[in-house]
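Let the sequences and hints guide you as you build the complete structure.
So the protein lines, in turn, are chains W and H. Residues 166 to 705 (my numbering) are what the first sequence spells out, left to right. Residues -9 to 354 (my numbering) are what the second sequence spells out, left to right.
Just so you know, the hints here were simulated from the structure itself, not pulled from any lab data. Check before you lean on any hint, since a few could be wrong.
[Stated by the list, open to error] Quick list of the computed label-pair ranges, beta carbon to beta carbon: (1) H:Leu187 x W:Gly223: 27 to 37 angstroms; (2) H:Glu204 x W:Glu526: 52 to 62 angstroms; (3) W:Gly625 x H:Ala53: 44 to 54 angstroms; (4) W:Gly277 x H:Ala311: 23 to 33 angstroms; (5) H:Phe84 x W:Tyr465: 34 to 44 angstroms; (6) H:Ala269 x W:Gly280: 43 to 53 angstroms; (7) W:Gly277 x H:Leu163: 26 to 36 angstroms; (8) H:Leu195 x W:Glu239: 33 to 43 angstroms; (9) H:Leu86 x W:Arg602: 50 to 60 angstroms; (10) W:Glu468 x H:Trp344: 29 to 39 angstroms; (11) H:Ala272 x W:Gly277: 17 to 27 angstroms; (12) W:Val227 x H:Arg50: 47 to 57 angstroms; (13) H:Trp344 x W:Gly280: 28 to 38 angstroms; (14) H:Val273 x W:Gly467: 15 to 25 angstroms.
We put the CB at the ideal spot given by N, CA and C, even for glycine.
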Amino acid sequence: MIRFDRMGVRYADATTPALAEVTADIDEGELALVIGRTGAGKSTLLRTINGLVPHFSGGTLVGSVRVDGRDTREHRPRDLADVVGFVGQDPQAGFVTDRVEDELAYGMESLGLPGQTMRKRVEETLDLLGLADLRRRALATLSGGQRQRVAIGSVLVTHPRVLVLDEPTSALDPLAAEEVLATLQRLVHDLGLTVVIAEHRLERVVQYADSVLWLPGDGEPLVTGPPAQVMEVTPVAPPVVELGRWAGWSPLPLSIRDARRVAGPLRQRLSSLAPSDEPADASATGAQPLVRVENLVIRYGGEPALRDVDLETHSGAVVALMGRNGAGKSTLLATIAGLLAPTSGRVVVDGVMPADTPPRELVRKVGLVPQEPSDLLYADTVGAECADADRDAESEPGTCHALLERLAPGVPLDRHPRDLSEGQRLSLVLAIVLTSRPAQLLLDEPTRGLDYAAKRSLVGALKALAADGHAVALATHDVELVAELADRVVVLADGEVVADGPTAEVIGASPAFAPQVAKVLGPGRWLTVAAVREAAGAAS
Amino acid sequence: MRAVHQITMPRALHPGAWWLWALGLAAAASRTTNPVPLLLIIAVTAYVVAARRTDDPWSRAYAAFLKLALLIIVIRIVLQGLLSSSSQGETVLFTLPELPLPDWLAGIKLGGEVTAEAVLAATYSGLQLGTILCCVGAANSLASARRLLAHLPGALYEAGVACVVALTFAPQLVADAARTRQAHRLRGHRPGTLSGLRRTALPVLEGALDRSIELAAAMDSRGYGRTTDADRGSRRRTGLLVGAGLLGIGVGGYGMLDGGAEQWRGLPTLMLGAAVAGAGLAVGGRRTGRTRYRPEPWALPELLVVASGLLAAVAMFVTAANDPALVTMVDPLAVPDVPWLAVAGIVIAIAPAWVAPPPKGASG
Chain W
166 MIRFDRMGVR YADATTPALA EVTADIDEGE LALVIGRTGA GKSTLLRTIN GLVPHFSGGT
226 LVGSVRVDGR DTREHRPRDL ADVVGFVGQD PQAGFVTDRV EDELAYGMES LGLPGQTMRK
286 RVEETLDLLG LADLRRRALA TLSGGQRQRV AIGSVLVTHP RVLVLDEPTS ALDPLAAEEV
346 LATLQRLVHD LGLTVVIAEH RLERVVQYAD SVLWLPGDGE PLVTGPPAQV MEVTPVAPPV
406 VELGRWAGWS PLPLSIRDAR RVAGPLRQRL SSLAPSDEPA DASATGAQPL VRVENLVIRY
466 GGEPALRDVD LETHSGAVVA LMGRNGAGKS TLLATIAGLL APTSGRVVVD GVMPADTPPR
526 ELVRKVGLVP QEPSDLLYAD TVGAECADAD RDAESEPGTC HALLERLAPG VPLDRHPRDL
586 SEGQRLSLVL AIVLTSRPAQ LLLDEPTRGL DYAAKRSLVG ALKALAADGH AVALATHDVE
646 LVAELADRVV VLADGEVVAD GPTAEVIGAS PAFAPQVAKV LGPGRWLTVA AVREAAGAAS
Chain H
-9 MRAVHQITMP RALHPGAWWL WALGLAAAAS RTTNPVPLLL IIAVTAYVVA ARRTDDPWSR
51 AYAAFLKLAL LIIVIRIVLQ GLLSSSSQGE TVLFTLPELP LPDWLAGIKL GGEVTAEAVL
111 AATYSGLQLG TILCCVGAAN SLASARRLLA HLPGALYEAG VACVVALTFA PQLVADAART
171 RQAHRLRGHR PGTLSGLRRT ALPVLEGALD RSIELAAAMD SRGYGRTTDA DRGSRRRTGL
231 LVGAGLLGIG VGGYGMLDGG AEQWRGLPTL MLGAAVAGAG LAVGGRRTGR TRYRPEPWAL
291 PELLVVASGL LAAVAMFVTA ANDPALVTMV DPLAVPDVPW LAVAGIVIAI APAWVAPPPK
351 GASG
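What follows is the structure, given as C-alpha cells:
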C-alpha cells in the first residue's frame, strides 16, 4: 500500500539529511508503528506519506514514496486527500469549523462531493467512531479523547485507504488513550484500513502493531519487522518487554495478556520477596510539611475546579498527582505556585501564602515548570536565557548553565531554544527554575513528547533533586513514570482528592493507573522492572 | 406543508435570517435617540435571545455585549460631564473644579458646571450606541458569525476562511498571552513592565505562527483548494466587481441611515452596488467546485423572522420622516413622547421568539 524506495529527505540549510535510505513496504490492512528518538525523523517520515514533505514543508526528497500506486512527488497533499488521511500532533490546531458535524463534512466539501453522499458518510462516520451523541457539540467543549476521535473522523469521511497519525495519544490520559487506540484497532480490523502511527509511549501501542519501523537516528538505516522481533533489539522498550527480556521469555510478549500467561513461575518466585526500595512514608514520621494545602476551593465562575482539597508535601519526597484531563491537577499546581488565589481555604508554602507573595520572593520557595515549558523562554540563545535566569535569581553568573550541564550535558549555548529537542528544552526550563533554588519543585506533565531516553534522564534528575532535599510534586498521566519516581500518589477526580497514599497502594491495583509490571505480576507491590530485578538478584 | 415550513419543528434557523432581523432592529435604533423605543429594542432582543438561543459557548455573547453597552453609556456620561459647556442648557446639577487650559485650547473646557441637559443628552446617545451593540450581540448569540460566514458565496470562500481562522485565533491569542504572563511570574518577573511586554509578545506570536502553519498543513491534507482552478484573470475580475459593489452598498447604506445626506447617496446607490456585487459573486461562484453539507433551508420561518425585523425598521423610518420630533430628543429634559407607530413595529420584532423554530439541544 505504501512503498518507500531508497527515500531520503534533506531540509534546506541542514547539514545532515533528516532521513536517508529508507526502504520499506507497508501492506494493506496493516497497523504500522514508527518509533525512534525525538529528532530521528518520525514526523518527517509520516509527512512524506501524504506529500506534506516536500510539497508543504520544502526541502528535497530523493528516492520515491508511492501510496496506492500514486507517486507523492507528482501529487500534492490535497490530491492525495482521498487516499491518505493525516492527523497532526495537535488535533485542535487542525480544526477549521466549530461544530463536530461540520468538521466531519469539511473534507468532503473541499472535494466537492454531492450532498446526499456527504449526508450518508457523516452519519456512518458518527456511528463508526461513537460520536453520534456529540454531533452538534462545539469543538471547543470536547475532551481530549473526543477531539482526537473527531480529528480521525474528519479525515475518514473521504474514505482514505491509509490513515496517518502523529502521536495520537501523547496528550491523553490513560483511559482516553485506550479509547482512541481501540477505535484505530477497529478501523484496521473491520475496514481493512492501513494505519501508520508515530508514538513515544510504546507501552500503549506496541501490542496493537503488526509491524514496527524503527528509526535509530544518527544516520543508521531503518529497521523494520514484526514487533516482537524489532523489540528485541531496540534500546528502548516498554516495561512489559523489558521484563520479558530480563526473564528470557520467548517469544517476547508484547501485551499484558501474553506476559501474564508466561509469568506464572516468576510470580511464584517473587511471592516470598518484597521490593527493597519501598519508600518511607514521610508524613508518618511527623516531619514538618513544606507545603500545606487545607480545604482549598478554587472556582472560576460556575463549577468549582477544586473543592476541599488537602495536600502536604515533604522535603525529599516525590508526590505524583494523577487523574483525568480536567480533574484539577494543573489548577492545584498553579495555586501552589501562586498563579491563582484560593477562593477559600489555605495554601501555605514554607511559611508564606503564595498568592500574596511578590513573584521575586516566591520563586525562592516554589518553582513550577508549566505544561508548555517553552512559555518561559524568550531569549534568542540558550546562553542568554541562562544569563537572564542568573540575573533574575541574583545568583552567581554561570549557576544556571552549571545546572543545565548537570541535567543535559552538552547543550550548545549559542543554539536557539526553539531548535532544541523536547528533552533539552525541558532541561533548560528546569535549570532556569532551579536557579533560584526553590525548596518545592512543581512539574506539570513533564513527560509529554519526551522519548524514553529523555524520560530516563528526567527521572534521574528528579531523584537526585529529591535526594538533595527538594520536595517534588508532578502532575502526570504517565503511570510508568509514577511507578519509577513517586513516593506518594494523590488521585484527583472532579476537583476532589479520591485517593492519597503510598505509590504501591494507590496505583498497584488500579485498573486505569497500574503500571504494566503490576498488571503482569500483580496484584501486588511490584511496580517496576528495576525493583523486580533487584529483589530477584538479592535472593539468588 | 413540508417540515421546514413549520415553526414548531425544532431546527436551526438560517443564520442570515437572524442577522437580517438584528440589522433591522439596529437600523431602527440608529434613527432615534428617544429612550422609549431604544429600551424597547433592548428588551425585545433580550427576550428573543433568551427564548431561542442554543447552549453553545457563543450563545453567551449577548451578556458580554450588554455589559459593553452599559460601559459605553457610563463612559459617554463621564466624558460629557467633564467636557460639558453651558451652551447645552441652564439646569446646573453640580459644579466640578475647573481646570485652567492654555489659550490655544480655547473652546475646550475641563470640569466646571455640569448641566442636566448635557448629561441626559449623553445618556440618550450612549443608549443609542448601546442598543445597536445589543442587536449585534443578539445576532452573535443566535447565530455565530462563523455560521454566517459559511453562507458566503463561493467567490468569497477564501476570504471567508481567512475570517473564520481569525475568529478562532483571536481568543487563542488572548489565552496564550495570559499563559505567557503567568510564566513570567514563574520566573520572578513583575508583570506590566516594558521588557515584560516584549517577553510576552515573542512567544505568543511564535505560537500563533506555529498554529497557522499546522492549520494550513491540516487544510491542505484535507483537500482544501483542490477543486478551485487558479485562473488569475477571473479571480481579478471577481475581486474588482465585488469590491466596487461593496463600496456602492456601503455608500448607499450610509446615505439611507444618515437622514441628512444628499438624495443620490441613498437607495439608488445601494441598489446599484448590490447589483454589481451580485454580478461579481455570480461570475466568481462558477469557478469553485465546492459543495455544501446540509445547507440550511430558507423557508417560511426565515421569511417571518426577517419580515418582523424589517417591519421594525420601516416603522421607525416612516415615523422619522413624518414627525422627526418624535424620534429625536430636541429638549433632553422633556418627558419623551411615545412614537406609537415605531413602538408597534418594534413590538412586532419580538415575534421570532415564537415564529422561529426552537433550537435542537446540543446533544440531541
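Violations among the numbered hints:
2, 4, 6 and 14
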